[in-house]
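Colleague: Now for the letters of each chain:
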Amino acid sequence: MSLLHSYVKVRARERGRALPRATVRHIHLAEAPMVFVPLRLAGEAAAPLAAMVGTDPLHPTLLVVPQPRNRDLRFQFLADLGAVLLPYIDRISRQVETVEAKTPFDRCLDAPQIVVPSAGGVEFTAKLGRSSRFRRTTGPYAVEPAVPMLGRWLTFLAEQSEFAGSSLMVAMTDLLTAHWVTGQSAPEDGDLAALLGWIDPPDGMTGPEAAALADDPLTPPAGPDTHPEFDRQELQKAIEHYDVTGSTDQVEQALHGQLRPTWDRMWQAIGLLAALKESPGATARWERDRVHVAMHRAWIDGGGLPQGKRDSAVAAAKRLARLEAAQQSFEATRAFDDPLVMAEYRADGVAFAGEVVAVDLTRRIVPPGGKREVPRPLVTIETSDPVRLGRGKKVRSPSRPRQSATITAISEKIITVQIDDGMGRGAQPAEGSVPGVGTVICYTELDPGESRRAPLPPREETPWTHGGPPPEYVPTDDDAMEPWS
Amino acid sequence: MNRLDGIRGGTPGQDHNARSIAALAANPACDRRAILDAAAIDKPLLMKRLRFDDRWGQSPFAIQRNQQFTDLVKANGAAHLLRLLRELLDLPIEEAGYVNLEDVGGHEGHLARHGHTRRVIKQTAEGLGRATILDRPLLRLDVAGAQVYLEPDVIAFQLGGMFHIVAIKSFAILDDQADTPKVSAAAREAAVYVHALRDVVGRDLVSHDVILVCPKDFTNAPTATTVDVRHQLVTLARQLSRLTRIDALLDRLPEGFSLDLETLSSGEIEAAVAAIPARYAPQCLSACELSHLCRKEAHLNEQVDALGRIVRDDLGGIESVTTALRVATPGEPVADDQAEIAERLRHVARIYDEAVA
Ligand code: SF4
Chain A
1 MSLLHSYVKV RARERGRALP RATVRHIHLA EAPMVFVPLR LAGEAAAPLA AMVGTDPLHP
61 TLLVVPQPRN RDLRFQFLAD LGAVLLPYID RISRQVETVE AKTPFDRCLD APQIVVPSAG
121 GVEFTAKLGR SSRFRRTTGP YAVEPAVPML GRWLTFLAEQ SEFAGSSLMV AMTDLLTAHW
181 VTGQSAPEDG DLAALLGWID PPDGMTGPEA AALADDPLTP PAGPDTHPEF DRQELQKAIE
241 HYDVTGSTDQ VEQALHGQLR PTWDRMWQAI GLLAALKESP GATARWERDR VHVAMHRAWI
301 DGGGLPQGKR DSAVAAAKRL ARLEAAQQSF EATRAFDDPL VMAEYRADGV AFAGEVVAVD
361 LTRRIVPPGG KREVPRPLVT IETSDPVRLG RGKKVRSPSR PRQSATITAI SEKIITVQID
421 DGMGRGAQPA EGSVPGVGTV ICYTELDPGE SRRAPLPPRE ETPWTHGGPP PEYVPTDDDA
481 MEPWS
Chain B
1 MNRLDGIRGG TPGQDHNARS IAALAANPAC DRRAILDAAA IDKPLLMKRL RFDDRWGQSP
61 FAIQRNQQFT DLVKANGAAH LLRLLRELLD LPIEEAGYVN LEDVGGHEGH LARHGHTRRV
121 IKQTAEGLGR ATILDRPLLR LDVAGAQVYL EPDVIAFQLG GMFHIVAIKS FAILDDQADT
181 PKVSAAAREA AVYVHALRDV VGRDLVSHDV ILVCPKDFTN APTATTVDVR HQLVTLARQL
241 SRLTRIDALL DRLPEGFSLD LETLSSGEIE AAVAAIPARY APQCLSACEL SHLCRKEAHL
301 NEQVDALGRI VRDDLGGIES VTTALRVATP GEPVADDQAE IAERLRHVAR IYDEAVA
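Chains as they are written, first to last, in the working numbering: chain A, 1 to 485; chain B, 1 to 357.
Take the hints with a grain of salt, since some may be wrong.
Per the computed footprint, the stretches of chain A lying under chain B, defined by three or more beta-carbons under 8 Å from a beta-carbon of chain B, are [unchecked claim]:
| hint | region |
| --- | --- |
| 1 | 125 to 134 |
| 2 | 179 to 188 |
| 3 | 212 to 218 |
| 4 | 379 to 389 |
Derived BS3-like pairs (lysine-lysine); straight-line CA-CA distance at most 25 Å [to be verified]:
| hint | chain 1 | residue 1 | chain 2 | residue 2 |
| --- | --- | --- | --- | --- |
| 5 | B | K216 | B | K182 |
| 6 | B | K48 | B | K296 |
| 7 | B | K296 | A | K309 |
| 8 | A | K277 | A | K309 |
| 9 | B | K182 | B | K43 |
| 10 | B | K182 | A | K309 |
Derived from the structure by calculation, the hints contain no laboratory data. Built from N, CA and C at the ideal position, the CB exists for glycine as well.
Can you build the whole structure from these sequences, using the hints too?
Modeller: In structure tokens:
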């Protein structure tokens with residue numbers, strides 16, 4: 001967050017309509033995203049109640065558990081969900097290309113993309129994965145083969161979603177708040193209906209008016225939790241009806257009514273995002289997503305075990321480091337791809353933009369530790385940004401991301417940077433390799449770093465799901481038979 | 001009749017419980033909530049009278065699940081619980097004595113039950129009797145001069161050691177990890193019981209570690225962990241002492257102030273509520289039944305607070321949306337103490353417009 005973000009919030013409030021936070025789309029949108037709106041039974045850790053799922057906005061598949069306390073019906077639900085999701089994942093993940101590199105690697109041509117309404121949906125998906133991936137398909141408590149396989153993929157997707165910028169499994173409210181600023185608070189933005197009301201209100205309504213409808217008892221929540229009143233007044237009776245008659249009609253009807261509005265909003269939101277042009281960084285991150293899917297596919301096909309329950313301490317530390325690296329690289333890339341995102345950093349003083357007012361192309365120095373004189377031209381920029389960077393700071397510019405520079409002097413409004421590389425091998429900087437007088441340029445301490453280069457984590461950091469160290473978790477018989485009450 | 005009863009009038013008061021007392025701490029600076037709670041105003045009823053949607057109920061499924069789990073833990077003389085406590089507190093087997101404090105020989109009244117709880121607890125503390133698991137105790141707490149009765153799940157006593165509050169909750173601990181907001185809510189509630197129990201036997205005999213009993217993974221099997229509630233105790237004590245100074249808040253209300261929900265019209269209720277200053281912030285949405293009302297009011301007043309703490313802090317003291325936007329506009333007059341933020345806002349306004357263009 002930044003002062004800019006706070007200011008835009010205030011402005012959105014006054015205007016009664018959300019304002020843009022990005023000029024491009026910072027996630028990849030798959031050609032056929034799989035929308036998944038799950039509901040769970042109140043008071044239970046991971047008892048599925050229903051889901052609306054599919055890739056066709058007009059023809060969602062509705063899955064329900066007519067008696068959510070019945071364990072067999074829960075596994076039937078998971079098998080049914082697997083029947084929708086697994087063919088989708090299989091079809092996409094089985095088309096693989098080999099990328100030529102020093103060590104050639106596989107990459108899927110496309111990747112599955114699961115879109116859920118909110119962060120709660122991702123969390124619930126992870127729990128569904130945990131409750132099903134250790135199940136056995138033979139012996140006591142056998143389940144359909146689709147169940148453990150679905151569990152492994154759901155676990156994989158939910159894990160990937162923790163990495164900033166991954167587009168494999170995304171929460172719609174997160175996507176929308178990354179691209180628009182509403183005039184309501186963050187917890188309110190967590191409600192898909194209210195958030196969408198601010199961004200794209202129905203004709204003739206203001207944002208706050210549309211958002212207020214989200215609090216109306218007639219607007220069902222986007223899940224995974226249902227409204228307690230719905231449970232009391234409709235669901236309980238519908239389940240009793242099923243218990244008595246064995247007919248799922250009432251349960252289906254009630255849950256359809258709760259899910260369909262959210263389903264429609266999900267596609268409305270996808271339409272809004274699709275209208276934005278995709279950023280180069282998003283495309284690059286999607287390439288990495290496709291590599292990860294190929295690795296997981298290969299792991300499963302090679303007979304690898306399901307993901308463990310908890311990481312070992314070493315694995316957890318490594319994972320944390322990877323999460324942080326992904327976060328840093330994502331933030332920097334986003335700013336490099338989008339002047340509106342960069343503006344937030346300028347407001348906070350870690351980036352600045354302005355016009356080049358002087359250039360010293362002839363300057364040559366002996367760099368510390370060096371022997372020969374090399375060109376180190378100076379570029380002086382006038383800015384009105386409140387810069388908080390100091391002398392000696394390494395900076396980069398989105399318009400020349402491969403060139404690094406160092407701040408050598410800084411005073412009110414005037415900043416001089418020394419260009420450190422990317423000028424060719426000659427005694428003088430190559431033509432055009434140094435920004436000229438009159439150019440408007442932005443410099444920042446942010447560094448997209450790794451994401452521009454390696455498409456893969458180094459071998460020793462390979463997540464264990466992909467065959468790297470540390471030792472694998474071996475599921476026991478107990479895991480397979482773990483009761484699910 | 002004291003002043004607080006006078007405000008509530010003939011309408012029955014809303015009983016406090018540990019959850020509502022714990023919720024007092026969510027917005028400690030709000031006079032409105034302090035007065036309404038001290039006067040035991042039925043806040044859900046108030047909202048209903050003003051035609052706001054009630055979202056505060058609990059799902060029947062959640063209630064059932066919680067009941068089932070609690071029954072399971074307490075079944076057969078709390079057999080499950082004894083086993084868990086032995087592991088957790090090193091309770092020797094022979095010292096496991098279960099006592100149901102609800103049996104008071106026909107005197108079902110709160111006062112009688114509470115008296116019985118006190119007696120047994122004091123005896124136990126003095127080393128008399130063999131009670132180690134005290135089921136269905138009834139504690140009492142003074143909230144703004146009113147006696148509130150509280151019913152913790154269980155109190156466990158380790159001989160030669162200390163009393164522990166046991167909280168039985170039906171949210172799962174999955175692979176040794178639980179949902180943080182749920183654990184925090186349970187800790188805040190348990191702190192209320194610890195506080196009340198310390199009133200009976202003194203500070204030193206009641207542990208600040210409460211015992212949380214939850215289902216393990218996807219099963220019904222209970223598992224136990226301890227949760228340190230020292231922090232919650234401090235917050236609670238501060239909040240309770242604030243309520244005892246409620247007189248100062250009441251002095252600022254008009255003479256004859258009433259919030260009698262049964263006799264006032266909805267317009268009068270609205271005006272009465274509006275007369276007590278509020279401190280709406282988005283955190284209220286998950287902590288206070290009045291939040292939708294206060295939110296509406298805050299937005300009508302164009303309060304920056306309603307947009308969240310970050311926005312409020314960023315705008316450094318500017319309270320209204322209109323002021324913030326005026327100050328951000330070049331050429332508008334600015335007060336001295338707002339000169340700095342004005343300059344920064346003008347800068348962000350300009351770079352935002354440039355970037356969007
Ligand atoms: S919702 Fe209103 S009454 Fe309740 S704490 Fe917030 S401001 Fe105070």
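Colleague: Each hint needs a verdict: does it hold in this structure or not?
Modeller: Now for the hints, and whether the structure bears them out:
no. : hint              : verdict
1   : 125 to 134        : holds (count 3)
2   : 179 to 188        : holds (count 6)
3   : 212 to 218        : holds (count 3)
4   : 379 to 389        : holds (count 3)
5   : K216/B <-> K182/B : 15 Å, holds
6   : K48/B <-> K296/B  : 15 Å, holds
7   : K296/B <-> K309/A : 45 Å, violated
8   : K277/A <-> K309/A : 39 Å, violated
9   : K182/B <-> K43/B  : 23 Å, holds
10  : K182/B <-> K309/A : 21 Å, holds
The structure fails to meet hints 7, 8 from the earlier list, while all remaining hints are met.
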